[in-house]
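Please build the complex by placing chains B, C, D and E on the supplied structure of chain A, with the hints as guidance.
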Amino acid sequence: MTLYAFYFLSFLAVLGALMVVFSRNPVTSVIFLVMTFFTIACHYMLLNAQFLAAVHIIVYAGAIMVLFLYVIMLLNLNDAVEQQKTLLLKVAAVVTGGLLMIVLSAALRTAEVTYVDTSVVGSASSLGKVLLSEYLLPFEAVSLLLLAAMTGAIMLARTRRRKAEDAEGGNAVPESEQTESVAYEQ
Amino acid sequence: MVGHESLWIIPLLPLAGFIAISLLNKRLGRSTVSVLAPGVVLAAFLLSVGVFIRLLSDPNMFLSTAGFTWFGSGTLSVSFSLLADRLSVLMMLIITGVGFLIHVYSTGYMHGDEGYNRYFAYLNLFIFFMLVLVMGSNYLLMFVGWEGVGLCSYLLIGFWFKNQDYNDAANKAFIMNRIGDLGMILGIILIFAHFGSIGYEQVFTAAALQESQPIITWIAILLFIGAIGKSAQIPLFTWLPDAMAGPTPVSALIHAATMVTAGVYMIARSHILYSLSPLALEIVAVTGVATALMAATIALRQNDIKKVLAYSTVSQLGLMFVAMGTGAYATGMFHMMTHAFFKALLFLAAGSVIHAMSGEQDIRRMGGLARHLPITWLTFLMGTLAISGIPPLSGFFSKDEILANAFAVNTWLWAAAAFASLLTVFYMFRLLFLTFKGQPRMGEEVKNHLHESPRSMTIPLILLAALSVAGGWINIPEVFGGGHAFNDYLAPVFADSQRLMATHHLSHATELMLMGIVVGVTVLIIVWAYRIYIALGRVPERDESTLRGMARLFNRKYFVDELYDALIVRPLYMFSQLLHDVIDRSLVDRLVNGAGVLVRWLSDVFRKVQTGNTGFYVFVMAAAVVLLITLKMLVL
Amino acid sequence: MNSSLMQNGLVLEHYVVLSIVLFATGVMGVLFRRNAIIIFMCIELMLNAVNLLLVAFATFYGDSAGQVFVFFIMAVAAAEVAVGLAILTALYSKLKTTDIDILSKLKW
Amino acid sequence: MTLTLLIFWPLVAAIVVMMLKGQYARGFASLAAFAELAISLWIVSEFQTDASFQFEVNVPWISSLGIRYHAGLDGISLLLVLLTTGLTPFIVLASDKERTRSFYALMLLMEMALVGVFTALDGFLFYVFWELALIPIYIICLRWGAANSGVITLKFFIYTLAGSLLMLVALIYVYFQTTAPHTFDIQALYEAARGLPGAHQSMIFWALFVAFAIKMPLFPFHTWQPDTYHAAPSQGTMLLSGIMLKMGVYGLIRWLIPLVPHGVQAEGTTALILAVIGVVFASCIAIVQKDLKRLVAYSSMAHVSLIAAGVLTLDRIGIQGAMIQMISHGVVVVALFYVIDIIQTRLSTQDMSNLGAIRLEAPVFATVFMIVLLGSIALPLTSGFVGEFMLINSLFRFDTWLGVFGGLTMILSAVYMLRSYQATVLGEKREAAGLFSDLTMRERSVLFPLAVMVLALGIFPAPVLKVSEAAVDSMVTILQQYYTMR
Amino acid sequence: MIAVYIISGLGILSLVAEIANLKRWLLPVAVAGLLAAAGLAAGDWNTSQGYYHDMLRFDNQALAFSIIIALTGLLWFLMSGRYLREGTDVSDHTALIMFSLVGAVFMVSYHNMVMLFLGIEILSVSLYVLAGSRVRDILSGEAAIKYLIMGSFATGFLLLGIALIYGSTGSFNLTGIGEAMASGGGRFPVYAYAGVLLMLVGLAFKLSAVPFHFWAPDVYQGSPLVVTGFMLTVVKAAAIGAFYRLFSLSFSQVSPHWLDVVQGITILTLVVGNVTAVLQQNVKRLFAYSGIAHAGYLLIAIVAPGSNGASTIGYYVAAYVVATLAAFAVLQCVSDDDHPAVIRSFNGLGSRNPFLAFVMTVSLLSLAGIPPLAGFFGKYLVFFGAIGEGHIGLVLTAVAASLVGVYYYFQLIIAMYFRPAADPPAAVPRGQVVLMVVLTALTLLFGIFVEALLWE
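Each protein sequence line maps, in turn, to chains A, B, C, D and E. Here the first sequence is numbered in the working numbering, starting from 92 and rising by one per residue. Here the second sequence is numbered in the working numbering, starting from -7 and rising by one per residue. Here the third sequence is numbered in the working numbering, starting from 48 and rising by one per residue. Here the fourth sequence is numbered in the working numbering, starting from 0 and rising by one per residue. Here the fifth sequence is numbered in the working numbering, starting from 87 and rising by one per residue.
Think of the hints as simulated: they come from the structure by calculation, not from any bench. As the structure is a computational prediction, the values presented were derived from the model and not from experiment. Keep in mind that the hints are not guaranteed to be accurate.
[As the list claims (entries may be wrong)] Chain B is faced by these chain A residues, among others (derived, beta-carbon under 10 Å): (1) Gly153; (2) Met156; (3) Lys176; (4) Leu178; (5) Leu180; (6) Thr187; (7) Gly188; (8) Leu190; (9) Val194; (10) Ala197.
C-beta: ideal position from N, C-alpha, C; glycine also.
For reference, chain A alone in the conformation it holds in the complex (with noise of 0.2 Å):
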């Protein structure tokens, strides 16, 4: 039974990547992303790991993917026809993926057939210990990466807007770096 559920469930994974990478419009792919992530969520409840199903969907379909969404819709990109690759290329690309998967799952290739225990996993609260014990400076270690990329961003826009607003105010602009920047744009 779980079994079949397993394979339901990948078949359905793997359809929504493929989905992923060959829809044309934007939008699409980021519905089959969430479609996958789901299905990646359901794998985790199999196998028995609750919590971070739960904390998987709220990220990434949550958060993650709402804020692709956001950007999709604000860069207006979903109507925006994408410059598609030479075929060649595609090919390629195909071809590449598909070598990676043949000879990873070759190279992976194990003599045994080995079955998880799912009896013995950790609640939310058995992660929670290990999370806030063993692993509390990486804990820590991830605000300061979130607060990197906090700051990060959070600069990157600023300087956009402050040179928006150099731009309008005309004069606050060195003559040079005006023209300069009109010359990169070219």
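Relative to chain A, chains B, C, D and E alone:
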């Protein structure tokens, strides 16, 4: 007999003269130089006489100095020390004696030349090196003198350095000598390798105890190559006629009397090595006779007064080598000595002629000079008679002995040598007649300036003429009841060889007969020459291109210069150019630069791979991963 | 140990293969597309494949560490996406495109 | 301590020169160089002529890698140190007044590196000095060289660097063969390398030989040389040819032959043949050169090839000949290049076809030139002869034909040197040629001592030979023992 | 460990400084803080302490690299003070640099894969932003986006590798992994081996080793000058530190499974890095390739660490960092981000400003590996180790490659001293003079006191 440090004074005197003149060049007046330069040589001569007298007392006596170690390493040790035995003192006497006379002569001849001081400096330096050559106590010192005189010869041939032809002649002389010198130095190295020493004493003592063996032949041949170069034998003789570019006294001193005979001296010095090697002796003799013939034939058709004498010198040197090659070392030395007298005389007299003719050297523009230059004429006549072997002049005795020895060894050798010496008679008298007799053929202006040379020049002429006449009398053969004094004098020197060589003894009758034939034919030739050049008044054509056959061959010196030019000089330059253009620049250097070009090319390729396209970069990364996993996990 | 695991029949190797397939699909996507946003999405796909693999291994070993690692990956993914999209929007305001193949001024 | 002073005094002086005002630079630099000469002469006076290393200093530098600051002098080193300290003052004196102070500082740096190379007894130290010598000369050639010197000097630099890196690899390899704890000490390296099997020794031989051959340079590693000599300023050329190429020969004697005797035995003949080819090759090419500097460059190559050939015969006469010939060649070639420099500055050309009749106006110059030239063509009683005789001697006894070919240099050197003399000094004055004033006092102060050295070395070479005799003897003896044991 | 706190604190402080208007004090505080961090790290020498359940372990190797990173950061601040001050977002920049320094310290002191991963990401995320910080410059944006895409892509491989290794060994701890590897690769050896290769790919990317180097030239060229300087020094130091740490602590037992690969990558890196640099005209790009090339030399030390690989790498990195910073300090004086330096820009620098030319020459000579400068000893130590382990072929390749290196470094020297000056004399700010003197002196002194800089 070590410890005669006073020997040093003899070579050092002329060296001091050289140093004084060259350092004080501008500050020394001509008159000072005129005294100083001949003075030191005269002093050296007098000291040599002193040595000579000391050596006369004891046949086996020799003097040597302790000297100092020049250089050395391991078993090689070269000492800088001098040695005087009967052989070297003979040479010293000739060098300083004739040298002195020529110095005196030069004070007149070079009068008015702007390089007067320089000239005498070189001349003194030459005397120094020549003395080192003959007085050195080992082969390397001989080599020092050997190359040193070569240098002086180079400097003096190119004395008038503004003339590039003269410079070319000087270069030619030096380089040809160097070819011989290479042989000589290799010979010396072989001596060192074989005997473990290069000192005369050690080598000769050791050699005297040895059997004949190939290595000694090689030594003898290599040394002889040196002699070929220095004494202008086939195939290295062409520099000597060109060397006439130098001032005439130089030709007399260096290219007739002393330096060119160094080869003869060298063989006399190394006689034991040659005596041990019959093959080497044969080579010496054959080379000598061939050179004698060749040079004599060439001389027949030369029209430059000095060139004729130069070829004559080559020819006479050939005769000396014939003597050496027949093992008659003393005879060779004897001829060397008489030749020094009469050839120096002839050159100086020729110089006197040139001096009078305002530099003209072509005998076709001379004639009838006997009236204007009586002393020169007479002395030149003496010289000519001497070289022609007219008894009882010096040349007769020396040449006769050579022929006699040659006859004893090989009749053909004798025939060739005799023929060469008869040719000598012809071209010498041709020269004499064309120069001094017949109708004057020079221009009026030259004719009006004709004058006998100053005293400083004529006195040496007279003295040398006297020596040319009387020089042979010290070695009057037994046939004429003489004591063979000269041979006896040198006998101790060659004693070791004497034991090794089979003694050829001609009966007096044969000897007399040979003499008779040669002298008889000589007289006939003189008459013939007189007939052609005086009675018939035949003067050689101005246009030499009309000459045909043998005459052309002789006139153009067998085309040897052209041959060398085509076979050696040009190919060498072409080969060098080829090495430079093809091997050096195009091959080796291009290989080296090719590495750079390759790197730049690769750089360009690698650079272009960096397309700036992120998709491509990612693709390469993914492909690399695939490749990596495949190779590492699946294949290997 | 094996016998007790037979019950639910989940095979570790299956997860490995699934992860690899998802990962390879992500890689393919990165190679296949020119739109930077899609490429980011494909990279998310790759990271998720790794997540799945980690969870499978964590379950196999009964070790929470693997699952904890997944948290960190998620956090990093979020941060990367945030920064990435920030850069992208910044660039978009100049270029009016998210096509990465146009960005090839830096080369050679 | 004395030795440390000897090595590092030029460095101190170089720093001082950099601080001086420009116009005092040459004066101080030459004073410093003469001071260095004085130090080296003092060392000579204290030197015992035996085979031992004297004035040794030996302190740790990088002890975890077995690297020490270990330097000392035996006769072989001392001679080359003397050559360096003896020539540098004259090269400094020979420089134009206009040169900036960094020029003199670089020269002094160069002197330091050279003295270091000749005294280092630690493989690593040797290497460091070896490379160090390259930098100043590179900069000198680059900055004060001809218009096209950029590419040429870079080629020179990379080429020599290639060789020396090979040498470094070989030295490190040998280092690891020493008994633990590994060390770069020369004796330890000797022992370690001598114990290696033949094939390894051969590899090491070639790695080191190529390094040294490039430096000298030997055929076919020479192509950097004529261009570099030509492009470099004359002082650079003097340093390069007078002293620097001796580094290669010194390397052969100190760091190659005793290190891998078996390798030398197996491969030395090939190397020797290359050297002899080089003699003839370079001499022939010198004949057809039109540019004086190139001519002397090739002649220098011919001479050094002969030196290398003599060393490779492993004969004590050959090695001693090489020693004296190195000194002689240094003196002669520095003088020759200075002569060319004088011609160049007077007449702005060094092409022989544009020259002639200098003697008319400058007899002193012509005479000095002649003396130096005679030294170059190895006339007896000049410095060149003794060495050349000993070299040809060893070569001829090693192999007859090699000796004959090597001996051709006697003839060929006469051909090209006399040709150059005739073309520049003799003959009729060309109309185009400018006035050639005779030597100035400064030029005399350089050329006269050099000319005197040419003659003095030719007449009294024994003291010089004596210095290195014991060291060479002991080296040859050790070699022979090694061969008989093997 | 205190160093990590201090640097993190400095990062947060600089964000606070923006609000509290303390910007004027920011740079001095940053410099002092980094100095303190380095000093404190030095104080922990020989303690080899693990922190937070062995997440980080400050053994000597980690300490040495931490010190190098902190000091490099310090020197970098001295170099780019002007750039930071002139932009208004000094606090953002400082914060990001500080964070990336923290990431770098994690990378060289991690004892758990998590910390490696987080260290790399903290470093990278900060740098993605810094690379793109010249928003008005498209090239800067291009650099950022390229860096980001390829960096994340490479992270994917790194993570897959970590996951596979975890799958086989059941551990993220380096010691645990090392033990499992030693006992035959853990539960599923093939996973472990594949994991090693994939991690190798991920780290090779960070190190910009060929063929994972493509991002480097473009990103380095497009980024602001000072950021390029930072990436070339700190990132390179951190990457090789991480690389060495992982492969020496965890993977050394399975070296047959990666050694030949690293060798191949090394050779490729040496050749491609050096050769491609030959024709570069843009100096930043030239240094990018030079950076790739130096990664190649550093990789030799991974292949053949010898008895003391960590200190070899440490020394090499220190020498490299000092020389590169000096070069960038000069570069900053002769060019700016709007007028990127090309080789021509250096024409006649020898006469325009002899001091700058001298500094540049020394640093270039050091980079080229000419004795007695620090760079030479770095190369020497690397070759030394390799020859000791018999990798002669590798060393000969490196030798040939460094000859090519001489060629392109000397192009600059030739330009400085030989080509006629076109531009007016270059001015040097006083603070920079001190920095350059210090850097040049370090380059010289490192060469003399090699011993003092090596540790067991």
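Against the structure, the hints:
{"no.": "1", "hint": "Gly153", "in the structure": "29 Å, violated"}
{"no.": "2", "hint": "Met156", "in the structure": "23 Å, violated"}
{"no.": "3", "hint": "Lys176", "in the structure": "7 Å, holds"}
{"no.": "4", "hint": "Leu178", "in the structure": "14 Å, violated"}
{"no.": "5", "hint": "Leu180", "in the structure": "7 Å, holds"}
{"no.": "6", "hint": "Thr187", "in the structure": "5 Å, holds"}
{"no.": "7", "hint": "Gly188", "in the structure": "8 Å, holds"}
{"no.": "8", "hint": "Leu190", "in the structure": "5 Å, holds"}
{"no.": "9", "hint": "Val194", "in the structure": "5 Å, holds"}
{"no.": "10", "hint": "Ala197", "in the structure": "6 Å, holds"}
Hints 1, 2, 4 from the earlier list are contradicted by this structure; the remaining hints agree with it.
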